[in-house]
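**Q** Letter by letter, the chains look like this.
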Amino acid sequence: MSAFSAVRIPFPAVVAARSAGEKPSSHFLCSPAAAPGIHSSPLRSPRLGHPPLAVSSDVLSSQKPLGSNSSPSYQAVISRDEALELYEDMVLGRFFEDMCAQMYYRGKMFGFVHLYNGQEAVSTGFIKLLETRDSVVSTYRDHVHALSKGVPARAVMAELFGKATGCCRGQGGSMHMFSEPHNLLGGFAFIGEGIPVATGAAFSSKYRYEVLKQAKPDGLDVTVAFFGDGTCNNGQFFECLNMAQLWKLPIVFVVENNLWAIGMSHVRATSDPEIWKKGPAFGMPGVHVDGMDVLKVREVAMEAIARARNGEGPTVVECETYRFRGHSLADPDELRNADEKSHYAARDPIVGLKKYVLEKNLASESELKATEKKIDDIIEEAVEFADSSPLPPRSQLLENVFADPKGFGIGPDGKYRCEDPKFTEGTAQV
Amino acid sequence: MAAALQTAALLSASPNLIDPQRYRVGLSARSLIGRRGSIFVVRSDGRTSGFFNAKSRSGNFITNAVATKADASTSSTASKPGHELLLFEALREGLEEEMDRDPHVCVMGEDVGHYGGSYKVTKGLATKYGDLRVLDTPIAENSFTGMGIGAAMTGLRPIVEGMNMGFLLLAFNQISNNCGMLHYTSGGQFKIPIVIRGPGGVGRQLGAEHSQRLESYFQSIPGLQMVACSTPYNAKGLMKAAIRSENPVVLFEHVLLYNLKERIPDEEYVLCLEEAEMVRPGEHVTILTYSRMRYHVMQAVKTLVNKGYDPEVIDIRSLKPFDLYTIGNSVKKTHRVLIVEECMRTGGIGSSLRAAIIDNFWDYLDAPIMCLSSQDVPTPYAGTLEEWTVVQPAQIVAAVEQLCQ
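If you read the sequences in order, they're chains A and B.
Quick note on numbering that gives the first Met the number 0: the first sequence kicks off at 0 and runs consecutively.
Quick note on numbering that gives the first Met the number 0: the second sequence kicks off at 0 and runs consecutively.
These aren't lab readings, by the way, just hints derived from the structure by calculation.
Please note: incorrect hints may appear among the correct ones.
[What the hints assert, rightly or not] To give an idea of the interface, some chain A residues facing chain B are shown, with a C-beta separation under 8 Å as derived from the structure:
hint: 1; residue: Met242
hint: 2; residue: Gln244
hint: 3; residue: Met301
hint: 4; residue: Glu302
hint: 5; residue: Ala305
hint: 6; residue: Asn309
hint: 7; residue: Gly310
hint: 8; residue: Glu311
hint: 9; residue: Gly312
hint: 10; residue: Ile409
hint: 11; residue: Gly425
[Claimed, not checked] In silico lysine to aspartate or glutamate, EDC-like type, Cα no more than 16 Å apart, as pairs:
hint: 12; chain 1: A; residue 1: Lys405; chain 2: B; residue 2: Glu274
hint: 13; chain 1: A; residue 1: Lys368; chain 2: A; residue 2: Glu84
hint: 14; chain 1: A; residue 1: Lys205; chain 2: B; residue 2: Glu245
hint: 15; chain 1: B; residue 1: Lys332; chain 2: A; residue 2: Asp80
hint: 16; chain 1: B; residue 1: Lys331; chain 2: A; residue 2: Glu371
hint: 17; chain 1: A; residue 1: Lys354; chain 2: A; residue 2: Asp332
hint: 18; chain 1: A; residue 1: Lys247; chain 2: B; residue 2: Glu245
hint: 19; chain 1: A; residue 1: Lys212; chain 2: B; residue 2: Asp135
hint: 20; chain 1: B; residue 1: Lys127; chain 2: B; residue 2: Asp99
hint: 21; chain 1: A; residue 1: Lys405; chain 2: B; residue 2: Glu245
hint: 22; chain 1: A; residue 1: Lys414; chain 2: B; residue 2: Glu245
hint: 23; chain 1: A; residue 1: Lys353; chain 2: A; residue 2: Asp80
hint: 24; chain 1: B; residue 1: Lys122; chain 2: B; residue 2: Glu95
hint: 25; chain 1: A; residue 1: Lys247; chain 2: B; residue 2: Asp135
hint: 26; chain 1: B; residue 1: Lys332; chain 2: B; residue 2: Asp362
Given the structure is predicted, the values throughout are model-derived calculations rather than measurements.
All C-beta atoms in this analysis are idealised placements derived from N, C-alpha and C, irrespective of residue type, glycine included.
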């Protein structure tokens, strides 16, 4: 058990002190979990001697230990359709990743492949609340974010197979998933580099509204940036929190805290391991949520996304989650101890949702089975599609280096080099 | 001496454009290099108070520069077509025209807004277009460059200013991984129509970190175009072309060229990003150069002409890709090539240019290509040492004499 978890689990109920006039139900205005009896101030009262406090979450204030197997007792209202949608999306993510592992070991895909198993509640909890016009920025662990955003499984699988039918024509690969029609902006393989890009997308959203005067009857386009606990020690995280709050950009920073940055335990890397606290430090709400519970994630996400959409600015959401596999398929996963793994395995988000759905009679066992069967078929079809798809032709090599191929310059003959048939064939030396 | 030489080079380079009687470059400054540099001023009265502290004296700077320009132009130039301006004003004019033309064009960077830019390229634009279109960012190069890329991916056409080009080393990851590669890795789905620009090059005793030539670092990034401006005319035309390009473009400006004056057309023009500029046609040797070294070359050319040589001078302008047509035609004519650059010898633009010429025009060469580059040393602070670091006109004269033996 990591120290981080140990800090958080034993708390008894923390009573949030709320100022009059604030919505009492808001996650964003609860007290910090520092200790019982410490009173928080409302977020917008910076005159107090301590910084604005925001947090979290009924996870912390719950009397139940996080590891409890009892079903969630809060009253998150979801409809049957919503429950089935969430279940389907999480199962899609899980089955897809399991299939990736198989295909990797069968030599169908190569390179670094980072699987999302265990973290599905975060992707599903957030992305299923987004519209097509909203943007998602992901990391190297991006397959499932792509799937949740609506990129077809066959296009993601074909990309992993390095095929021309992949969502990036085989030019991106596992860590560089993009889809323009779905506003999936990547797929960023280096730590932290996606956060500024996400901030830029949020800036565009504000710019379209304020400068270009594009009407937004339904609110601003929202950008959700996903990244891990390791990234939260990187400067780009802090720089972008500052800029996003400074300009009140419509963005949600979602920390998928799975406690490990490859082999670096979060508590060994971070002076104050409670990442959500960094939100208030920059003047924005910080929220902590149980990232193994899709309904809790969804509840927090709903409010954070609404804030962004209404122009109220950014939010940091720290989702405590866990990856059930190694860092990548190349990681033997020998470092993390068995107790920790089994602790989180017992909180499998898919099992948890299934239990909830059945207890609340939102759907029957056979309906959930039918969903699983449907996903099985989709994954099978995706593999068949990927396997039978053509490899990228040579002619593709020099396409897309430049949006305007004049960037290859002018040749000795005075013509643009891209006019040379060898460029179309992909055989030119560049 | 070093300073006098540089001044002369600067002023004599475009004989039609700059009147050395009226414009002297201030040289004696010892003052105030702030954390992020200062402003170099041309004055008409020949006074030698060259550097102003940018922070505290920006108001003075503007007044003087404008007044200077007005005085100078009334007598001799009022009746000529076109209008006369300084290089930084030409950049600003190009920027403003594009911002007028397309509301998606926006500017972001350190002190580009209220302060008007460290070299005043964006002066007044925040007042005209608002704080969001001319966005003052915190000092966070990596993140605001990345933000520009994210904005470009989602429909805007940002111009990101590096207050000094050297600072963009902090944004190298974003420039390389995202500017350069993202269009490709996304399978062509996302375009990055961004311009990254700013002052670089060896100034006057700015010290090693503020004297960098990043073109050599950036040149192997795929998917990125690089241009260097050297005159007010090409500065404006290249700025406009870079903004209109669908590709990410790095526009290199030089700290010592911002106050060059030139008469440019009143009517709108846009230059070709990929084309080199014929500066002086000649027969005996091809001299390829760019940015500030153009003026060292032109000073050397005066001496060379007096000695009976007829060199051809080409400002390559496009640092990536090279204009192989203009360069090749010249090589085919003169059969001799001298490259003069300010960036470092190892892995510099000159090295790549030499390789490209050997690959494409070997058969036309009658002599080994010579390349004069800066020494592979961190640019020293002391004026004498700094002078010995970069190529001087006398070296250019000697190299041509050797080539043409």
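**Q** Could you run down the list of hints and mark each one as holding or not?
**A** Hint-by-hint comparison with the structure:
Interface restraint check for Met242(A): the shortest CB-CB distance to chain B comes to about 6 Å, inside 8 Å, so the restraint holds. Because the closest C-beta pair between Gln244(A) and chain B is about 11 Å apart, greater than 8 Å, the hint is violated. Proximity of Met301(A) to chain B is violated relative to the hint, the smallest CB-CB distance being about 24 Å (cut-off 8 Å). At about 24 Å, the closest approach between the beta carbon of Glu302(A) and any beta carbon in chain B exceeds 8 Å, and the interface hint on this residue is violated.
Because the beta carbon of Ala305(A) sits about 21 Å from the nearest beta carbon in chain B, more than 8 Å, this interface hint is broken. Look at Asn309(A): its Cβ only gets to about 18 Å from chain B, farther than 8 Å, so that hint breaks. Of the supplied interface hints, the one on Gly310(A) is violated, with its beta-carbon coming no nearer than about 13 Å to a beta-carbon of chain B, more than 8 Å. Interface restraint check for Glu311(A): the shortest CB-CB distance to chain B comes to about 17 Å, outside 8 Å, so the restraint is violated.
The beta carbon of Gly312(A) comes no nearer than 15 Å to any beta carbon in chain B, farther than 8 Å, and the hint placing it at the interface is violated. With a least beta-carbon distance of about 5 Å to chain B, the hint placing Ile409(A) at the interface is held under the 8 Å criterion. Here the hint on Gly425(A) is broken, as its CB sits about 13 Å from the closest CB of chain B, past 8 Å. At most 16 Å may separate the alpha-carbon atoms for a hinted pair to count; Lys405(A) and Glu274(B) meet this at roughly 11 Å.
At most 16 Å may separate the alpha-carbon atoms for a hinted pair to count; Lys368(A) and Glu84(A) meet this at roughly 14 Å. For the given pair, Lys205(A) sits about 22 Å from Glu245(B) by alpha-carbon distance, which is inconsistent with the 16 Å threshold. At most 16 Å may separate the alpha-carbon atoms for a hinted pair to count; Lys332(B) and Asp80(A) exceed this at roughly 76 Å. Distance check on the hinted pair: Lys331(B) and Glu371(A) sit about 70 Å apart at the alpha-carbon level, beyond 16 Å; violated.
Between Lys354(A) and Asp332(A) the CA atoms are separated by roughly 29 Å; this puts the pair beyond 16 Å, and the hint is violated. Taken as a hint, the Lys247(A) and Glu245(B) pair is broken in the structure, with Cα atoms around 29 Å apart against an allowance of 16 Å. At most 16 Å may separate the alpha-carbon atoms for a hinted pair to count; Lys212(A) and Asp135(B) exceed this at roughly 21 Å. Taking the CA atoms of Lys127(B) and Asp99(B), the gap is near 10 Å; set against the 16 Å cutoff, the hint holds.
About 10 Å separates the Cα atoms of Lys405(A) and Glu245(B), which keeps this hinted pair within 16 Å; it holds. A C-alpha spacing of about 19 Å is found between Lys414(A) and Glu245(B), which places the hinted pair above 16 Å, so the restraint is violated. As the CA atoms of Lys353(A) and Asp80(A) are separated by approximately 14 Å, the hinted pair is consistent with the 16 Å bound. As the CA atoms of Lys122(B) and Glu95(B) are separated by approximately 10 Å, the hinted pair is consistent with the 16 Å bound.
Between Lys247(A) and Asp135(B), the direct Cα distance comes to roughly 15 Å. Compliance with the 16 Å bound is thereby established for this hinted pair. A threshold of 16 Å between alpha carbons decides the hint, and for Lys332(B) with Asp362(B) the separation of about 12 Å falls inside it, so the pair holds.
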